[in-house]
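Student: One letter stands for each residue in the lines below.
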Amino acid sequence: MKTPTATGTITSGPAPAEPLVPGPGRRPAGRRTPRGIRRHLPYSPWLFAAPGLLVVGAFSLYPFLSTLVNAFTDRRTLVPGEFVGLANFRELLDDEMFWIGLRNSSLYVLGVVPALVILPLLLAMLVQRHIPGITFFRSAFYTPVVASIVVVGLIWVWMLDDRGLVNSVLEAVGVGRVGFLSDQWLLLLSAMGVTVWKGLGYYMIIYLAALANVPRELHEAAAVDGAGPMRRFFTVTVPAVRSTMVLVGALSSVAAFKVFSEVYLMAGPSGGPAGEDTTLVMLVQRVGTGLSGRVGYASAISVVVFVVTVALMLLVLRADRKEDA
Amino acid sequence: MSVINVTDADGKRIPATQLVLRYVLLLAVLALTVGPFLWQLSTSLKGPHEDIFGSPPKFLPGEPTLDNYTRVAQTIPVWDYALNSLKVATANVVTNCVGAALAGYALARMRYRGRRAATLAFILAMLVPVEGIMIAQFTTMRDLGLNNTLLGVLLPGSIGAMNVLLMRNAFLNLPDEVEEAAYVDGANVWQRFLRIALPSVKGTLAVVAIFAFMGAWDDFLWPLIVLSDPENFTLTIGLNYLHGTFANDERLVAAGTIIAVLPLIVLFACLQRFFFRGVGEGAVKG
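As they're listed, the protein sequences go chains A and B. Counting in the working numbering, the first sequence runs from 488 upward without gaps. Counting in the working numbering, the second sequence runs from 62 upward without gaps.
Among the hints, a few may not be true.
[Said to hold, decoys possible] Some but not every residue of chain A turned toward chain B, in silico, with C-beta under 8 Å: (1) Phe535; (2) Asn557; (3) Phe559; (4) Leu641; (5) Ser655; (6) Gly661; (7) Val662; (8) Gly663; (9) Leu668; (10) Ser669; (11) Ile693; (12) Ser779.
Since the hints were derived computationally from the structure, they do not count as laboratory data. Note that the Cβ used here is the ideal one computed from N, Cα and C, for glycine as well.
Chain A extracted, bound-state conformation (with noise of 0.2 Å):
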């Protein structure tokens, strides 16, 4: 129970609506598991998680199975379709939209994640302090995580519009205007943005947990052997904080890695003219749905996304046992 166990989160966006899945204990380890009582008819557990487990094994673990077997069909949305073999992932190979969403998902990993590991722990630094109003400021700092990513990405898009907020200010101050919506790579780059801008909040208050758990005599012994703001953030708040980095670092690589709703809004169903910034999942969304939806190669895309997101939680995981040794 102790080791991160998050491999993957329930909703889109590196700032998730609900809650995440479990990271390294709060609790104290060694934790006994009630036994539980015996008081009861021996059907009565089943009549108790039955609406549970037909919801999740009707619309997760069974929606998950047939995706896998899908993946080697050619089935449409209205044609059932037959086994193909690996056709699908041989198509995907050759298929330009895929490696340019798979581009596109990748660098949103590498553009997000650090900003979201970093940004956040400075974030709930300035917020630790419980000087007078800081309770506003932590709320204020966590409405964009309560807003839908919709309101959010529609808000920046207006924002960044070429006659918006921030270009008539950068106008106003003589840089002149720049075309953040136009732009294949600064469309990419605003919508890294609008992602790490909503994400702040969520993962400030996660880091806010763990600040509290750093003994106050760290800092005060750091001082006393004058070691600077600098350097004390380096031997003292990093290494106490480390663990939630990490979790931070594996819980936001995987949203990013599944990012849509951002690009969706910002460039447009299509991704962008060429469709130059399609992500991963917005291909998924565009391949497989409608009445023409290819359903097996949409799969067989899916696939790719579960592989690659196994793989991220693997490697962050791994990199942190590394630091270990």
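Add chain B to chain A, keeping to what the hints say.
Tutor: Frame of chain A, contents of chain B only:
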């Protein structure tokens, strides 16, 4: 000179320079996080003849008006969409609270063969990413004849595996003895669940309720896939539609987004501690 004497939780005085620096940084981050919302609000209140593109920008509406909110309702049935979102979100709260409490109780408080297997099923379900299975979910919904219905929007998340495990953890923390005593007094398992166990986990139940509401109200990807008829749109899908179709009027889109975000900001303002607790329990539970 007046003495700035601010102390922190441990009664230590914070030096004035550090204090000023902290507030300057806090205000800067505040402008960055809340500013865009306020700009959107300001845009939604600006009159039709007012320049919303000017440089330097005007932060306050010169002739504030609610006209845009009326006009957005004439462009898309925004209140119907809000009602659809409200229906789905409310139903999602009920199904998640009831389903997760029942299943969580069965996983934590009862003894039977298959308990580990049932727990494992929920853990596995929690690890399956929605983005990876949405196409299969869509075909399942088609088979059930539920695509393009609000029920179809609701069902996949109606009892979240994560919520079941949160409830399980909450029930695990209760001592066995109280329920044993109730059993001796003749309470059956249903009475023990309802009258003894459930009242002890009200806090976690509130967390589940809030996140169920927010999750359904904010959700975008799944409703986008399952809903095709503008009649049944939820608010987020309706906003996307508005943005795609009437993108030329920023005031309308701004009014729509404010309608979508305001209820949640109010909810958050009232129930903050549960939001924060949810982050803690969700992300750092063992």
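Student: Quick check on the hint: Asn557/A CB to chain B CB, less than 8 Å?
Tutor: With a closest approach of 7 Å, the Asn557/A hint holds.
Student: Close enough to count: is the Cβ of Ser779/A nearer than 8 Å to one in chain B?
Tutor: Violated - the Cβ of Ser779/A stays beyond 8 Å from chain B, reaching only about 13 Å at its closest.
Student: When the nearest CB of chain B is found for Gly661/A, is that gap smaller than 8 Å?
Tutor: violated, 11 Å
Student: Could you check if Ser669/A really has its C-beta closer than 8 Å to a C-beta on chain B?
Tutor: Violated: closest Cβ of chain B sits about 14 Å from Ser669/A, beyond 8 Å.
Student: Taking the least C-beta to C-beta distance, is Leu641/A closer than 8 Å to chain B?
Tutor: It holds, given that the least Cβ distance between Leu641/A and chain B is near 5 Å, below 8 Å.
Student: Hint validation: Phe535/A versus chain B, beta carbon distance must be below 8 Å. Holds or violated?
Tutor: Result: holds, 4 Å to nearest chain B Cβ.
Student: Hey, does the Gly663/A contact hint survive, CB to chain B under 8 Å?
Tutor: Where the cut-off is 8 Å and the nearest Cβ of chain B is about 11 Å from Gly663/A, the hint is violated.
Student: Measuring from the C-beta of Ser655/A to each C-beta in chain B, is the shortest one below 8 Å?
Tutor: holds, 4 Å
Student: Verify the interface restraint on Ile693/A: the C-beta must sit less than 8 Å from at least one C-beta of chain B.
Tutor: holds, 5 Å
Student: Does the nearest C-beta of chain B fall within a distance shorter than 8 Å of the C-beta of Val662/A?
Tutor: With a closest approach of 11 Å, the Val662/A hint is violated.
Student: Just to be careful: measuring from the Cβ of Phe559/A to every Cβ in chain B, is the smallest value less than 8 Å?
Tutor: Hint violated; Phe559/A Cβ to chain B Cβ min 13 Å, cut 8 Å.
Student: Given a cut of 8 Å on the nearest C-beta pair, is the interface hint for Leu668/A held or broken against chain B?
Tutor: Nearest chain B Cβ about 11 Å off; hint violated.
Checked against the numbered hints given earlier, this structure breaks hints 3, 6, 7, 8, 9, 10, 12; the rest are met.
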